[in-house]
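Chemist: Using the sequences and the hints, build the whole thing.
Here is what each chain is made of, one letter per residue.
4 protein chains.
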Amino acid sequence: MTEEKIKKIELLLLDVDGVLTNEAIIYNDDGKEIKAFNVKDGLGLRLLMNAGIKTGIVTGRRSNALSCRLRNLGVTLLYDGVSEKGSLLPTIVRDTGVSPENMAFIGDDLPDIPLLKRVGLPIAVRNAHELVIEICEIVTEKRGGEGAVREVCERILKTKGLWERSIHGFVS
Amino acid sequence: MTEEKIKKIELLLLDVDGVLTNEAIIYNDDGKEIKAFNVKDGLGLRLLMNAGIKTGIVTGRRSNALSCRLRNLGVTLLYDGVSEKGSLLPTIVRDTGVSPENMAFIGDDLPDIPLLKRVGLPIAVRNAHELVIEICEIVTEKRGGEGAVREVCERILKTKGLWERSIHGFVS
Amino acid sequence: MTEEKIKKIELLLLDVDGVLTNEAIIYNDDGKEIKAFNVKDGLGLRLLMNAGIKTGIVTGRRSNALSCRLRNLGVTLLYDGVSEKGSLLPTIVRDTGVSPENMAFIGDDLPDIPLLKRVGLPIAVRNAHELVIEICEIVTEKRGGEGAVREVCERILKTKGLWERSIHGFVS
Amino acid sequence: MTEEKIKKIELLLLDVDGVLTNEAIIYNDDGKEIKAFNVKDGLGLRLLMNAGIKTGIVTGRRSNALSCRLRNLGVTLLYDGVSEKGSLLPTIVRDTGVSPENMAFIGDDLPDIPLLKRVGLPIAVRNAHELVIEICEIVTEKRGGEGAVREVCERILKTKGLWERSIHGFVS
Chain A
424 MTEEKIKKIE LLLLDVDGVL TNEAIIYNDD GKEIKAFNVK DGLGLRLLMN
474 AGIKTGIVTG RRSNALSCRL RNLGVTLLYD GVSEKGSLLP TIVRDTGVSP
524 ENMAFIGDDL PDIPLLKRVG LPIAVRNAHE LVIEICEIVT EKRGGEGAVR
574 EVCERILKTK GLWERSIHGF VS
Chain B
424 MTEEKIKKIE LLLLDVDGVL TNEAIIYNDD GKEIKAFNVK DGLGLRLLMN
474 AGIKTGIVTG RRSNALSCRL RNLGVTLLYD GVSEKGSLLP TIVRDTGVSP
524 ENMAFIGDDL PDIPLLKRVG LPIAVRNAHE LVIEICEIVT EKRGGEGAVR
574 EVCERILKTK GLWERSIHGF VS
Chain C
424 MTEEKIKKIE LLLLDVDGVL TNEAIIYNDD GKEIKAFNVK DGLGLRLLMN
474 AGIKTGIVTG RRSNALSCRL RNLGVTLLYD GVSEKGSLLP TIVRDTGVSP
524 ENMAFIGDDL PDIPLLKRVG LPIAVRNAHE LVIEICEIVT EKRGGEGAVR
574 EVCERILKTK GLWERSIHGF VS
Chain D
424 MTEEKIKKIE LLLLDVDGVL TNEAIIYNDD GKEIKAFNVK DGLGLRLLMN
474 AGIKTGIVTG RRSNALSCRL RNLGVTLLYD GVSEKGSLLP TIVRDTGVSP
524 ENMAFIGDDL PDIPLLKRVG LPIAVRNAHE LVIEICEIVT EKRGGEGAVR
574 EVCERILKTK GLWERSIHGF VS
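Residue numbers (this note's numbering), protein chains in the order written: chain A, 424 to 595; chain B, 424 to 595; chain C, 424 to 595; chain D, 424 to 595.
Heads up, a few of these hints could be off.
Because identical chains cannot be distinguished in the list, a pair is counted as satisfied if it fits within a single copy or across any two copies.
Unchecked claim - Straight-line Cα separation of at most 20 Å, SDA-like style, residue types lysine to any residue; simulated pairs:
no., residue 1, residue 2
1, 540, 592
2, 431, 519
3, 540, 589
4, 565, 554
5, 565, 447
6, 428, 595
7, 565, 537
8, 581, 554
9, 540, 595
10, 477, 584
11, 540, 560
12, 455, 485
13, 565, 553
14, 581, 553
15, 455, 497
16, 455, 494
17, 540, 594
18, 565, 494
To be clear, the hints were calculated from the coordinates, so they are not data collected in a lab. A quick note: this is a predicted structure, and the numbers were derived from the prediction, not measured.
Modeler: Following this line, the structure appears as structure tokens:
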């Protein structure tokens with residue numbers, strides 16, 4: 424059952440383009456990338472990490488803009504320039520000490536499929552390719568870059584019974 | 424009553440990301456932020472200040488792009504890099520001489536809640552988190568970055584009977 | 424009648440923010456502006472100028488990004504940093520030799536009203552303020568930055584019987 | 424029949440603004456262009472090229488941002504700064520060895536019409552001008568910059584019976 428799978432999550436892995444961003448790949452005239460993230464996703468990831476759930480990035484691309492956003496958020500686990508996401512799994516297990524069934528991964532396109540198939544909780548954003556949506560346990564209501572990641576973070580925290588404590592400092 | 428609360432407003436406080444902007448956090452390759460504001464919000468803030476109502480910014484983040492926009496608009500009251508917005512209230516009272524019941528604050532996410540709860544008129548943008556919307560007196564029709572702030576500025580001016588005078592130079 | 428007014432147009436004046444762009448005011452970290460225009464508007468303005476109809480910009484702001492776009496399009500008549508658009512009219516008449524009844528102006532917000540009221544054909548973009556829409560002869564179907572200017576250019580060319588000739592090089 | 428025409432395609436030509444991007448022409452303060460592409464379009468073009476179908480760009484504009492994106496994708500056939508797209512056809516035939524009936528071209532505006540009329544499979548994005556849509560064999564469901572090119576790439580691969588092989592590395 425989905426709820427049972429969510430309860431086991433100790434590590435949330437994220438693709439970047441189309442998941443943490445809308446699908447825009449923005450280049451300036453020097454060929455450097457500009458990237459647009461979502462402020463509400465950022466708070467979701469912070470709440471998740473504060474609650475003791477690890478986060479990490481798995482992306483086929485590489486950019487300074489991404490590194491800066493991750494530094495700003497305190498996300499330290501970054502696998503970028505990854506050509507085969509599925510074969511990265513043993514490395515992730517080794518680096519984090521988390522076993523695959525305790526991992527969730529949010530993806531949106533074909534290169535995410537091999538890793539999505541190997542983790543305990545595969546998640547597709549609403550704007551994901553149909554073949555990605557087919558194999559995922561959860562499809563977000565929001566699109567990538569428009570709060571899809573925040574939605575997942577809150578669902579994990581609520582299902583694990585960590586939500587009230589997470590927001591205590593804000594609402595009390 | 425809402426109208427009575429609006430009539431008392433002497434200071435409009437604003438969160439930035441998700442309120443004065445859509446929810447995009449944009450980084451360039453040097454890790455510097457680019458920010459997109461709304462031109463109609465700008466005129467709304469100018470009309471409000473011309474009518475003698477103070478404006479100010481309360482944000483957890485910090486960027487040159489924001490400072491430039493504020494300088495352009497003539498908004499001089501800026502609290503940025505604020506980690507606990509609620510505990511900032513005494514400072515705001517001291518700096519402005521305005522008491523909390525005469526303040527409005529427009530927010531969109533959990534960190535805005537402590538300050539929203541302490542001001543006379545708490546306002547949520549349409550794209551605000553559900554917990555923010557729950558505690559607010561007003562929810563805007565427009566989204567942050569798409570004219571939500573302009574909407575609030577006009578409503579304050581109209582409710583206070585200052586609108587006709589505000590636009591006199593344009594329509595006469 | 425609207426069609427009669429359109430037939431008289433010899434000069435199309437345009438506001439920038441909210442008309443040639445969506446309403447975004449974008450600042451980078453150096454406080455410099457980035458501006459996003461619409462490619463289809465660009466062709467519309469070129470076709471209009473090729474057909475002998477003059478074009479010009481009337482804006483309260485000023486940016487290099489705008490100047491570059493105008494140079495790229497061949498629009499040479501630029502009034503920027505204008506604080507009172509209505510009182511600019513005699514200057515425009517003197518510079519262009521066009522009388523007010525032969526001018527159209529596309530605007531979206533309160534500062535455009537004084538000039539809109541003085542030209543022969545006042546036009547509002549769909550995203551214009553309600554007070555602007557009220558006084559305009561035409562309201563575009565498209566929003567500013569999404570093709571509103573192209574829509575106006577084509578309507579002028581078609582009403583004046585210049586459309587077939589304008590597109591002859593493309594469709595023959 | 425459309426399917427028969429698709430089966431013959433050996434070269435997919437693409438306009439840029441409005442096709443590979445939404446219609447935004449973005450200038451920074453130095454007059455340099457920033458361009459926003461779509462990540463899913465990128466994978467579509469890679470899959471197409473991996474399957475042996477050539478790709479190329481035909482645009483009236485010129486920017487470093489475009490060149491960088493093309494280099495990133497491995498698209499080497501670039502005709503930019505083209506003033507008359509129709510008269511470019513003999514050059515394309517000579518450079519690629521592909522005859523016009525085996526070419527598809529995706530366009531969105533009037534300058535694309537002369538080339539669209541001369542290739543075997545003319546394709547319009549959903550946001551194309553009505554005169555472009557009228558003469559095209561296919562109109563995409565998605566808009567330019569929002570996955571229109573990916574949609575075409577997948578349709579070509581599926582119609583030619585190359586899809587299963589293309590995605591084998593992802594789904595097996």
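Chemist: Each of the hints needs a verdict: does it hold here or not?
Modeler: To see whether the hints hold, each was checked on the structure:
Proximity of residue 540 and residue 592 under a CA criterion of 20 Å is satisfied inter-copy only: 13 Å between copies versus 37 Å inside one chain copy. In the homo-oligomer, the alpha carbons of residue 431 and residue 519 lie at most 20 Å apart inside one protomer (15 Å), although the nearest pairing across protomers, at 50 Å, exceeds that limit. In this homomeric assembly, residue 540 and residue 589 come within 20 Å of each other (Cα to Cα) only across copies, at 19 Å, whereas the closest approach inside a single copy is 30 Å. When the C-alpha separation of residue 565 and residue 554 is checked against a cutoff of 20 Å, the pair qualifies both within a copy, at 18 Å, and between copies, at 18 Å.
In this assembly of identical chains, the alpha carbons of residue 565 and residue 447 lie at most 20 Å apart whether taken from the same copy (16 Å) or from different copies (15 Å). In this homomeric assembly, residue 428 and residue 595 never come within 20 Å of each other (Cα to Cα): the closest approach is 30 Å inside a single copy and 24 Å across copies. Proximity of residue 565 to residue 537 under the C-alpha cut-off of 20 Å is found in neither arrangement, the shortest distances being 23 Å within a copy and 26 Å between copies. Taking the shortest Cα distances, residue 581 and residue 554 sit within 20 Å of each other only across copies (14 Å), while inside one copy they are farther apart (28 Å).
For a Cα distance limit of 20 Å, the shortest separation of residue 540 from residue 595 across copies, 10 Å, qualifies, whereas the shortest one inside one copy, 40 Å, does not. Proximity of residue 477 to residue 584 under the C-alpha cut-off of 20 Å is restricted to the intra-copy arrangement: shortest distance 16 Å within a copy versus 42 Å between copies. Taking CA atoms no more than 20 Å apart as the test, residue 540 paired with residue 560 passes inside one copy only; the shortest distance there is 10 Å, against 38 Å between copies. In this assembly of identical chains, the alpha carbons of residue 455 and residue 485 lie at most 20 Å apart whether taken from the same copy (11 Å) or from different copies (17 Å).
In this homomeric assembly, residue 565 and residue 553 come within 20 Å of each other (Cα to Cα) both inside a single copy, at 16 Å, and across copies, at 15 Å. In this assembly of identical chains, the alpha carbons of residue 581 and residue 553 lie at most 20 Å apart only when taken from different copies (14 Å versus 28 Å within one copy). For a Cα distance limit of 20 Å, the shortest separation of residue 455 from residue 497 across copies, 17 Å, qualifies, whereas the shortest one inside one copy, 23 Å, does not. In this assembly of identical chains, residue 455 and residue 494 lie within 20 Å of each other by CA distance both inside one copy and across copies; the values are 19 Å within and 13 Å between.
For a Cα distance limit of 20 Å, the shortest separation of residue 540 from residue 594 across copies, 9 Å, qualifies, whereas the shortest one inside one copy, 38 Å, does not. In this assembly of identical chains, the alpha carbons of residue 565 and residue 494 never lie at most 20 Å apart, being 25 Å within a copy and 32 Å across copies at closest.
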